[in-house]
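Please work from the sequences and hints to get the whole structure.
One line per chain: the protein sequences are A and B, in this order.
Each step along the first sequence adds one to the number in our numbering, with nothing skipped, and position 12 is 12.
Each step along the second sequence adds one to the number in our numbering, with nothing skipped, and position 28 is 28.
These are computed hints drawn from the structure, not numbers from a lab.
A portion of the hints provided could be inaccurate.
No copy labels: a pair is met if it fits in one copy or bridges any two.
Unchecked claim - Listed next, the in silico DSSO-like pairs over lysine-lysine satisfying Cα-Cα at most 30 Å (straight line):
no.	residue 1	residue 2
1	Lys-145	Lys-295
2	Lys-197	Lys-145
3	Lys-295	Lys-281
4	Lys-281	Lys-300
5	Lys-172	Lys-135
6	Lys-295	Lys-135
These numbers were taken from a predicted model, which means no experiment stands behind them.
Number of protein chains: 2
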Amino acid sequence: MFISGSLSVNGYKKVYEIMKIFLDCIPCFVRQALDSARLATDDEQIHEQVVREVLRLAADLDMSQSPPAIGQKIHRLIRGLIGNNDPYHELKQRFNRLAMRMCVELAEQVRVSESPLETAIRLAIAGNIIDLGVKTSIAESEIEKVIRDCLTADFDSQQVEEFRNAVGRAEKILYLADNAGEIVFDRLLIEQLPCEKITVVVKGSPVINDATIEDARFVGLTEMVEVIDNGSDGPGTIMETCSQSFRDRFEDADLVIAKGQGNYETLSDVNKNIYFLLKAKCPVIARDLGCEVGKMVLEKNKSFDDVADLVKEAE
Amino acid sequence: MFISGSLSVNGYKKVYEIMKIFLDCIPCFVRQALDSARLATDDEQIHEQVVREVLRLAADLDMSQSPPAIGQKIHRLIRGLIGNNDPYHELKQRFNRLAMRMCVELAEQVRVSESPLETAIRLAIAGNIIDLGVKTSIAESEIEKVIRDCLTADFDSQQVEEFRNAVGRAEKILYLADNAGEIVFDRLLIEQLPCEKITVVVKGSPVINDATIEDARFVGLTEMVEVIDNGSDGPGTIMETCSQSFRDRFEDADLVIAKGQGNYETLSDVNKNIYFLLKAKCPVIARDLGCEVGKMVLEKNKSFDDVADLVKEAE
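In structure tokens form, the structure reads like this:
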């Protein structure tokens, strides 16, 4: 299920294992292509051309890449064909506004909660439903239902305490954001964390409905914490395509909080102190996590080897 | 949404309109390819090869064909690549057995119903959920839920009466079956109809989980009514690929009862006295029918022009 590779980051070699693309992902990529084309234009000839070109690209894909790495290539092709660098722009703004309306009341729920941190974590995970990579559209009623479910679903309190301790111990925390709209829910969680330790990371340029610096500004994150971009248009954290300055920050951070499926797919085999927060929305991810589709996930990175880290520090 | 074509059937020309393939269907075909390959073999290299070849075929598709016509080509390619003429064979048998177990009790429900015909129609439509073209798998619990829902859902009783009258008036009725397993539910309906007027039609050779003569024998349909095959491996009724003897029977019939999405897609624009019975399981079909996904459909063919038929008879 995983293939090993080695990648030079910051001058020293580290073994990276990359979640291999699953054949199951391909129908999803074709649907994403059609969604993007329809968002950009009503011209059905362009829709058809985009689908045909994506099918051709997919037929000759290198299947040893991670799903977000494939997604990055496919969405570059799509944006070129439709002549629109940000087909999801309007949708992203709509979800930002919707989430901001919703979060007024949710912030109050966090405030009066017996465990504000746990409630904020639950809401940050609920916000991960706003992912247009997985589905063509998400209704407001669906988001409301997911919020209700996430506030009451079974959840491992032990993991919450471990997360709280990890945050307490850390000095430099990177919070890798996922989607527009969702970042408003991330705000609720960040408000429960020591803001001075935290840098939020958004994408370098648009891909699907992933948040960029424009979204971070729009929802007021930039006034709360430092926000940087990763220099990449990958729907995840694809190191090879990120800027050197982001890689330096990643290397330097002693804790990473990674939101969403794309970050899980690209980072779950990196030897780094990471907590993944996501909703498992597709069978491929759920299978890899060993959980059911729909499950809330707060999980410490299994590939993190504390000992190796200590050895590295001692060198 | 529709394109016109003309097709010579039985020596005279008739205008056929073919439901054009929708780009939305393509992700579904890719998934079907993967399902078929996985059913046939555990060899992941073959899975990958099948997906790549189907993507190549799809990239150059003639998009003016009906979805079942495309499906026919794609499944021929798949069967060739995997070297297995009937990858769904075991699943078909499993669904036949499951449906036979379920229908013992359901037959009793039909018997004691205030309107046995309506109850049997509801159950025949419920059975249409057993469609592996739409989904990779269907759990027994899902079939049970669909049966419960179909027995109580809103339903147009007027349509049931019109259907009853149409059956009463007809002399030669063709019942176009859809899937294995589902044909056991069809039995419940056929038992409420004048059996001597009815000929059940199954596929000429295997495609997806569509019923063939083997299934009809297995569930005892052949002992109840005349059963013929249409000579085709299309997942619907694609006239050009059906045998001449089936076409003659189709021409000769004064009423056709057509089960499932594939028959709707291939026959809804044929000028013929047809009642369609199906569950609308995908957005493309639901949009065409003007209903919601999941809806039970008993619908008289809108393309049937009684007057034209009378003129033809007078000639």
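Going through the hints against the structure:
| no. | hint | verdict |
| --- | --- | --- |
| 1 | Lys-145 / Lys-295 | both (14 Å within a copy, 23 Å between copies) |
| 2 | Lys-197 / Lys-145 | neither (33 Å within a copy, 51 Å between copies) |
| 3 | Lys-295 / Lys-281 | both (8 Å within a copy, 25 Å between copies) |
| 4 | Lys-281 / Lys-300 | within (19 Å within a copy, 39 Å between copies) |
| 5 | Lys-172 / Lys-135 | neither (34 Å within a copy, 46 Å between copies) |
| 6 | Lys-295 / Lys-135 | both (16 Å within a copy, 21 Å between copies) |
This entry does not satisfy hints 2 and 5, going by the numbered hints stated previously.
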